[in-house]
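Student: The primary structure of each chain is shown beneath.
Number of protein chains: 2
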Amino acid sequence: MSDSRVINFGAGPSALPDSVLDEAAKGLLNFKGTGIGIAEISHRSREFVEYLNELESLIRIQLDVPPTHKILFTQGGGTGQFSAVVLNLLARHRLLHPDLPNEGRTLDYVVTGSWSKKAVDEARRLGATVNIAADARKLSGSGKLFQEIPPHDAYTFSPDPVLIYYCENETVDGVQFSHKDSAPSSFPFHLLPKSTLLPLVADYSSSFMSRNIPRLADHAVIFAGAQKNIGPAGLTILIVRQDCIVDVDAAAKLGAIPVPITMSFKALADANSLYNTPSVLPIYIAGLVLQRSKELGGVQYYEELNRRKAQKLYDTLKEGEAKGVFRGKVKEGSGSWMNVVFDVLGEGAEARFLNGAEEQGLKGLKGHR
Amino acid sequence: MSDSRVINFGAGPSALPDSVLDEAAKGLLNFKGTGIGIAEISHRSREFVEYLNELESLIRIQLDVPPTHKILFTQGGGTGQFSAVVLNLLARHRLLHPDLPNEGRTLDYVVTGSWSKKAVDEARRLGATVNIAADARKLSGSGKLFQEIPPHDAYTFSPDPVLIYYCENETVDGVQFSHKDSAPSSFPFHLLPKSTLLPLVADYSSSFMSRNIPRLADHAVIFAGAQKNIGPAGLTILIVRQDCIVDVDAAAKLGAIPVPITMSFKALADANSLYNTPSVLPIYIAGLVLQRSKELGGVQYYEELNRRKAQKLYDTLKEGEAKGVFRGKVKEGSGSWMNVVFDVLGEGAEARFLNGAEEQGLKGLKGHR
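Protein chains in written order, with full-length UniProt numbering: chain A, 1 to 369; chain B, 1 to 369.
It is worth saying that the hints were derived from the structure and are not from the lab. Worth double-checking, as some hints may not be accurate.
Since the list gives no way to pick one copy over another, a pair counts as held whenever it fits inside one copy or between any two copies.
When the alpha-carbon atoms are kept at most 27 angstroms apart in a straight line, the in silico DSS-like pairs for lysine-lysine are as follows [said to hold, decoys possible]:
{"id": "1", "residue 1": "K144", "residue 2": "K329"}
{"id": "2", "residue 1": "K323", "residue 2": "K309"}
{"id": "3", "residue 1": "K117", "residue 2": "K253"}
{"id": "4", "residue 1": "K118", "residue 2": "K266"}
{"id": "5", "residue 1": "K266", "residue 2": "K294"}
{"id": "6", "residue 1": "K180", "residue 2": "K117"}
{"id": "7", "residue 1": "K366", "residue 2": "K32"}
{"id": "8", "residue 1": "K118", "residue 2": "K70"}
{"id": "9", "residue 1": "K194", "residue 2": "K294"}
{"id": "10", "residue 1": "K266", "residue 2": "K26"}
{"id": "11", "residue 1": "K294", "residue 2": "K366"}
{"id": "12", "residue 1": "K329", "residue 2": "K318"}
{"id": "13", "residue 1": "K329", "residue 2": "K32"}
Computed from a predicted model, the values in this text were never measured in an experiment.
Could you build all of it, start to finish, from the sequences and the hints given here?
Tutor: In C-alpha cells form, the structure reads like this:
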C-alpha cells in the first residue's frame, strides 16, 4: 500500500495517517465487532453513541475545554457556520435586548484573509449590520492583499456587539494569529469590551487540534470543519459556551431572523448532536485520528512538531529569498504554521518546482490561485 | 469477512453491499490510482470533479431526469431540506408576487406520517402559513396514527401555493404512496392546480432509487438523504427544476427570509455543488452503489426485486394475522415496500421474535417506537 501512496500537501481535504486509513477500512466492514459497518450502523445504537461521547472527550481533554462549553457535531462545514453563528448570536442579542432597533445590532469582524472576508459577505447577505473591527488590507504596504495580522493599534471594536469574529488561520493567504498572547500578531483580547460573556467567535477550521487555543474559555463559539486536520469532509465541530445556546424560536417571535433547525445550536445541544442523522463516517475517522493524537502526546505534541516544521520551512524560505529563488508573501511574525505561501521566482520556475515535487511524490503543493 | 457480517435491517443508515464496502475500503487508501485516498483528495481535483459528474449521470440516466431539472449534492440530510425548500420556494414566490402580504403565501402540506409532520413543524417554525392539504390521521378509524395514504377525495389544495409538499415513503409509519398513477393510494396529481410550473416538493429520502419516481418531470424539488438506500449519511441529493433556482438575495431585498448560503439552491447550482467542501466520502460510496445498481439493471431491476420482496412479506404477514401471530399496522394498499410495520402479538412475543432474529444474525428489526 505505501508504495502507491503519495505525499499529499492539499490544504484540505488533507492527508490522513496510513494507520488511520487502514483502521477506517476495517471499520467500513465491521464497526467495533458489531458485524455492521460504520457507514451502516444506526446513529442511535449504543455503540455509536458511546463512540460519539469518546470523540467529545478526546477533544475536551486535549484542548482543555471547560464545563462552561458544550462540544457539538454537525454538518455543512465552516461555510455553514458563517451563517449559523450570525443567526444564533443575533437571536441571543434579541433576547438580551428585545427593544433595540436592528441598526443597533452590530457584528464586529476582523478581516485578515479570504475566509474572514467570506464570513463578512455572509453576515451582510443575511442583512446584518457589520463593523469591520480591523482590515489587514488597509495596512501600509498591503495594497489589496492579506499579508499580515493587524497590529493591536489597528482594531476598533463596538461597545456591545452581537459577535466579534476572527479567523485564526487563513488558508488561502497563509496568515495566522500568533498563539502567544503577548506577541504583536496575537489576537488583542485585552482590547475587547469588558464582559465575562463576550460573544467572541473564532473560525479554527484550518488549525483545529494543531496547537492549543489561546483563551479558549473566553470564546462564545469556536468552529472547525474536520477536513483540514482531523478527518474527511462532512463533519463540523463546534465548541459553544452555554449562554450562546438560546431559544431561537422565542427570539424569532421577537423579530429575529428564523433559524433553520439544523443550524440551531439549541436543537443540536438538546439532542446531543443527534437531532438528525449525523455523518457517521467522518465522525468515525475523526475519532481514530484524535485517538492517535492522544497516544502521541496530544495537542502539545503537535504544537511542538508544527513549530519545528514551520521554523524549518520559513528558514529555507529565507535562504531562498536571499538567493532570489523564492519570495515569501506574508510579513514576518504573521506567517501560518499550517500553510506557507510563497512565490517561486523566475520565468517558468513555478511549473518546474511543482513538476519536480510531483516527480518525488509530493502532490497538492500548488494551493489556491 | 462475511463470517462476521450480520444482516442489518436498520431503517437508515442501512446496509451496503459487501462488494461496495470492499471497493470503498480500497478507495480510502488510493482513489482511482491517484495515490491519494478519497477522504483526502481535493474536491477541486480533476479526478473528483469527474467522479461527481459520473454520479450525476448515474442518477440522471437511471431515473430519466429531464434537462429541465438540475441534480445537486449537498449536506444536512432531509431535515436540512425541510428548511431549504421552504426558504428557496418562499423566495421564488416573493419574486413572482412581490406585493402579496405574507399571510397570502400559503404552503400546502400532505401529512401521511412522522416525517411529513416534522416538515410542517419546520415550515411553521420559520413563520410560514401552512395549509394541511390532507391529514391521514383524520381519516375514519385512524385515530392518532398514520395508517394509510389518504384517498383522493380527502385533499384540498390552495389555488397558488408557495409549495405543495409530500413525503413519498414514511419510514416510521410504514406508509407509502402507490407508484401506479391510477391506484387509489397514489399521489393525486390530477387534483393539483393547473400550472406547467407547479411548486411540487417530494421527500424521497427513504425510497430514492428503489423504484421509478412517478411524474418526476412535474416536480419542482425532489430531495433525498443518501443514507437510506444509496450510501452513508452525510450526502443529500436534490433534483430541482430550473425555475426554482432563484436569486434568493434579490428576494430577501423584497422582504423574503434571508437564506443561509449553504441552503441556497442557486449558490449550489452556480458552483456545480462545489460551493463549499462537499462530503467526498459519502459521494464516493454513493457512486459505487449506483454504478452497481446500473450494472444490475438500474432502478427497474430494484423495482421488480422490491415488489417481489414486499409481496412475500405482506403475504406472510397476512398468514400470520390469520393465525393471530402478527398484526399489520397499515391499511392494505398503503403499505411501504421499504419498511413493513407490524406488531408481534402475545405477552413477551415481540422480545422473543427479536431475540430469535438476532440469533440468526438479523439485526435492526426493532425499528422506531
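Student: Would you mind marking each hint as holding or not holding in the structure?
Tutor: Hints and how they fare:
1. K144 to K329: This pair counts as within: shortest intra-copy Cα distance 13 angstroms, inter-copy 66 angstroms.
2. K323 to K309: within (21 angstroms within a copy, 73 angstroms between copies)
3. K117 to K253: between (31 angstroms within a copy, 21 angstroms between copies)
4. K118 to K266: both (25 angstroms within a copy, 17 angstroms between copies)
5. K266 to K294: neither (29 angstroms within a copy, 42 angstroms between copies)
6. K180 to K117: within (24 angstroms within a copy, 51 angstroms between copies)
7. K366 to K32: between (39 angstroms within a copy, 21 angstroms between copies)
8. K118 to K70: both (26 angstroms within a copy, 26 angstroms between copies)
9. K194 to K294: neither (35 angstroms within a copy, 62 angstroms between copies)
10. K266 to K26: neither (35 angstroms within a copy, 39 angstroms between copies)
11. K294 to K366: Answer is neither: 31 angstroms inside a copy and 37 angstroms across each miss the 27 angstroms cutoff.
12. K329 to K318: This pair counts as within: shortest intra-copy Cα distance 11 angstroms, inter-copy 74 angstroms.
13. K329 to K32: Classified as neither; 47 angstroms inside a copy, 34 angstroms across copies.
When held up to the earlier numbered hints, the structure conflicts with 5, 9, 10, 11, 13 and fits the remainder.
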